[in-house]
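Colleague: For this one, chain Z is given, so just place chain E on it according to the hints.
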Amino acid sequence: MEMKDLFYAMPLLIVGGGILLILLIDMFFKGGKKIIPALTFFILLGTAYYSLFTINQLPIGLMPVSEFGLFYGMLSFGGKAHLFYFLFNFGSAIAVLIANDYLKKIETEYSEYYILLLSSVLGMMLIAGSRNLVMIFIGLEQMSISFYALAGYRRKNILSNEAALKYFLLGSFATGFLIYGMAFIFGTAQSMMLIDIFSQTSVLVKNPLFMIGILLFLIGFTFKIAAVPFHMWAPDVYEGSPTSVTALMATVGKAAAFSAILLIFVSVAKMGPNSVFSSMFSVVAVLSMLYGSIAAIAQKDIKRMLAYSSIAHAGYMTIGLAAVNPSGIAGIIFYLVAYTFMNLGAFGIIALLESKEGKFLSIEDYKGLGTRQPFLAASLAIIMFALSGIPPFAGFFGKYYIFLAAIQSGDTWLALVGVLSSVISVYFYLRVVVYMYFSKSDDESAILEISQTGLLAVIASLVLVIAFGLAPGSLIRLISGLI
Amino acid sequence: MRNLIYLSVVFPLIGFLVNGLLGRKFKSEKVVGIIGSGAVGAAFLVVLAAFVETLRMPEEGRALIVTLFQWVKAGNLDVSIAYQIDQLSLVMGLVVTGVGFLIHIYSIGYMHGDKGFWRFFTYLNLFIFAMMNLVLADNFLLMFLGWEGVGLCSYLLIGFWYDRKFEKSTTSDAAKKAFVVNRIGDFGFLIGMFLIYLNFGSLNFTTVFAKAGVGNIPESTFTLIALCLFIGAAGKSAQIPLFVWLPDAMAGPTPVSALIHAATMVTAGVYLVARCSIIYASAPMALTVVAVIGLATAFFAATVGLVQTDIKKVLAYSTVSQLGYMFLAMGMGAFSAGIFHVVTHAFFKALLFLGAGSVIHGMHDEQDIRKYGNLKKYMPKTAKTFLIAAIAISGIPPFAGFFSKDEILWEAFSVGGFGFWIFGVITALFTAFYMFRLYFLTFEGKERFDSHHVHPHESPAVMTIPLMILAFLSIVGGFLGMPAIFVGEEGNLFGRWLAPIFKSAETKIFTGAEHSHLMEILLMAISVAGAALAIYFAKFVYLHKPEIAEKVSAKLKPIYTTLLNKYYVDEIYDAVVVNPIRLVSESFLWKITDVKLIDGLLNKSAALVDYLSGYIRKIQTGAVQFYAIIMMTGILAALFWIIKSL
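Sequence order for the protein chains is Z and E.
Position 422 of the first sequence, counted from 1, bears residue number 422 in my numbering, the numbering being contiguous throughout.
Position 68 of the second sequence, counted from 1, bears residue number 551 in my numbering, the numbering being contiguous throughout.
Keep in mind that the hints are not guaranteed to be accurate.
To be verified - Label pairs and their computed distance ranges (CB to CB):
#, chain 1, residue 1, chain 2, residue 2, range
1, Z, Leu52, E, Tyr1098, 44 to 52 Å
2, Z, Phe42, E, Lys1087, 52 to 60 Å
3, E, Gly521, Z, Pro326, 44 to 52 Å
Said to hold, decoys possible - Pairs of lysine-lysine, DSS-like flavour, derived with a Cα cap of 27 Å:
#, chain 1, residue 1, chain 2, residue 2
4, E, Lys1087, Z, Lys300
5, E, Lys1101, Z, Lys300
6, Z, Lys440, E, Lys508
7, Z, Lys359, E, Lys1101
Keep in mind that the hints were calculated from the coordinates and are not lab data.
Predicted, not measured: the structure shown is a model, and the values here were computed from it.
Where a beta carbon is used, it is the ideal one built from N, C-alpha and C, also for glycine.
Isolated chain Z (complex conformation):
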């Protein structure tokens, strides 16, 4: 191991070290509690910055297993991994901004929140950078367990408790299949290292046990991205969790799960009979898009509506998997970036408005917001347009690249279903806009003071949603260069 290897691992070390540091501050310095949110924020922002600027400066791809390599070659650095690091850290930094005043507002402010959040981010990073099945599993569990705890963070709130328990039960259930799949893979490939598995893929794909292993592995993560039929937990958990936690789980959490699927699926699908997994993902995509969009229409709670919307979005991204081509993968990553910031913006606005008693959780409460809070209403409107895929916002190009990939691989019908589902989804997204601008509020009372940090989070998300919509070229080129 050389010193330069430590620089490679810098993002992981900063976040890992940050967790320990904050634990210590929390334990030993009574007055230190106040700086914890800010500290967390800057740790995440610094890591995001570092990751972004080292994307192209580190060796990309699988490093050979070497006893002398850092972490025995179980982790990779640079390239796509760092792009994901950036997404996780930057997204979480925005989530910290959202959380800071929100937690005060709902009177549940404990510093564990930030420790758990950082720990979940570390888990995500381990997944995205992993080169070993065990490492993926460790990362996934670290992320998931942090999420379980965060979901039940409002411990006096019954919905929050329900969310945590359901998430935990079903999550464990899914993890069982995941680890079962890993066992099959290990049994057939005789190794946990991805590089070894991939080198034998052309032979292994003929082995049913290996294919079953891959299938179960993929299902484990399909649960995490909340795609039909493994989506049942999402509405209840998104609704019950504190909004700042939902913002985190729905965005970067989903991105982490996709990063794991991309790690395995791409290499296997390239070698094996494409049709098997491709058609499986086609079915998942169609079910998720239509189910998510149709079910969202009936929702009265905005968080629940966004949960169904996120199921539909998982469906769109799954089209990229079904397409099994480089532009599909590039499309997924672009979509993840766009999706992350759109949803951070949406949940950020909800968190800003939401009161301790649960006002502004019902869509009805948004009536007349256009005059009561012009800026927030305009921002939410832009985000709703972006989510429904209307140009010139980032969501449009996310869908565009995904549909393009489907058409290139000959699955034009998938793109058509995608468009159809987008049309359906316009209804429930724009309903919010209609309520805000074309309905009168029953309650004209002033809205409580708007948190400055939360506002910053909303503005940051909004700027990115618009920027990636106006100039998608630079991002898609960056991504394409990494695949």
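Modeller: Coordinates of chain E only, in the frame set by chain Z:
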């Protein structure tokens, strides 16, 4: 500074954002005005610096493309937000920001006290932003973005006083008319752009024009592309048959007429043709169409201008007519002469409009020239500058208009022949006549307004100083492009500057028969003498013997009314195009296709989705065991599938 050329686009954008978002909160007009004008002034300085720098460079190295970022990447299509510096774009950029800046300053005075002051400057900045995108773009798509942007601003600004009446309807109707007519042109532009992409595989100017220059593409393709683009140009630059919106566009505030509907936006079509000179040069048939349409428009609009009584209407038809000259030049393959006329026309026509604005301002919104008279006494500065502009547009040497118009007429003679020339000259005579009719009726003669109620006054300095600067430019602007017979080929600075841009196009086309210098001087003398005569005639009729005008119009009643009603073009369009379309739209497209078919289908499918939605949500029981069962079912199905397919 050349690498920073994009700043000339960014500054107006900043001005637009600041005034647009915060303008309402700035309590003072001064702040809004300074931000708005400052943004354009800064943009002007950027272009000027780039221009000076370019001037110092050797001719071969002058072109430069500054890429900001990749915009669209899809398949083979690769379009960037990139700005191009070359001789042509710099000229256009200087005119847009320079004249634009003066008009911004002027507007501070003109719009004083208007409740939409900040909104006005917001739109104006947005316009400059879009126009700079149009002229600096290095590809068709970005140019189209600017093209649509200026169209939008034109719409917003024509209907700026949305609560005012305009002629028989409202300013909003005028704005809509401009927008709709422009859409027809834009359609042509789009088709042209698609054809270019189809045949050249790119939308970047450099690639397209390089491929067009080698030429393994059939002439018919070039003709088709050129004609489609010309439909776009005709829409934006108000040529037959799409000119009808421009006279109505006078519903907007006068600085808007000066900036958008005289100096800059309406010349975008000319710029488009000049930019695509190589495509037009490869399509002789299209060039002829351009020339004929240009000449016909010039002549036709000039005749209408003879009898109009609204000060802005006269100027509007004059603009249409002058734009016709520019297209005539394009059609003759005299691209740099056409662009030269764009520049000089920007000076004197902006000046005429601003002068008219000053008169309207001083006369409390009266626009009928029959109710003016002897305003020279009350507004001397406006009168003097207006006179300068009128001399310039009439083509009296050594004012700017003489040089540019004369170059076009000479090209018309040597390339097109006597027929083109004679109509061009007659148009020039008409121009001189109606322009001085306007001048004499407004500024000289007897006062025909009610002096008890109307007290004309000179406009404030913030309005008259831009007038003076433009007057100066209208006097000296022509020296940039002196005719070759006086100063030699090298002496025509403007032509020499633009020569590299049009070199490849000009080698492809017939550049005219050889004629003696004597011939050129003779023709020049005829047109100048004619113009002088027309001016004298205008003076005689409108100053000394006003009764002649009435007698003539009474005697030629049918012609007079036809001209006054603009050949009934609006009425014909209404009868032939607008009403049939409206009829079909209302009875069939709306009441049957839209209401019954589309809405019916939509409502039925929406009801279906709604029904499904209510059903699906019942699946979400809340019982965690049930959730697990669903998951399990999914896993089993997938397992079954994979085992079956292996």
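Colleague: Now tell me, hint by hint, if it's right for this structure.
Modeller: Status of each hint after checking the structure:
1. Taking the beta carbon of each, Leu52(Z) and Tyr1098(E) are about 46 Å apart, inside 44 to 52 Å as hinted.
2. Range check, Phe42(Z) to Lys1087(E): Cβ separation about 55 Å, and the 52 to 60 Å hint holds.
3. The hint said 44 to 52 Å for the Cβ distance between Gly521(E) and Pro326(Z), and at roughly 48 Å that hint holds.
4. Note on Lys1087(E) and Lys300(Z): the hinted pairing holds, with a Cα-Cα distance of about 23 Å set against a maximum of 27 Å.
5. The hinted pair formed by Lys1101(E) and Lys300(Z) meets the criterion: a straight-line CA distance of about 14 Å does not exceed 27 Å.
6. A hinted pair counts as satisfied when its Cα atoms are at most 27 Å apart, and Lys440(Z) with Lys508(E) qualifies at roughly 25 Å.
7. Between the alpha carbons of Lys359(Z) and Lys1101(E) the distance comes to roughly 25 Å, so the proposed pair stays at or under 27 Å and holds.
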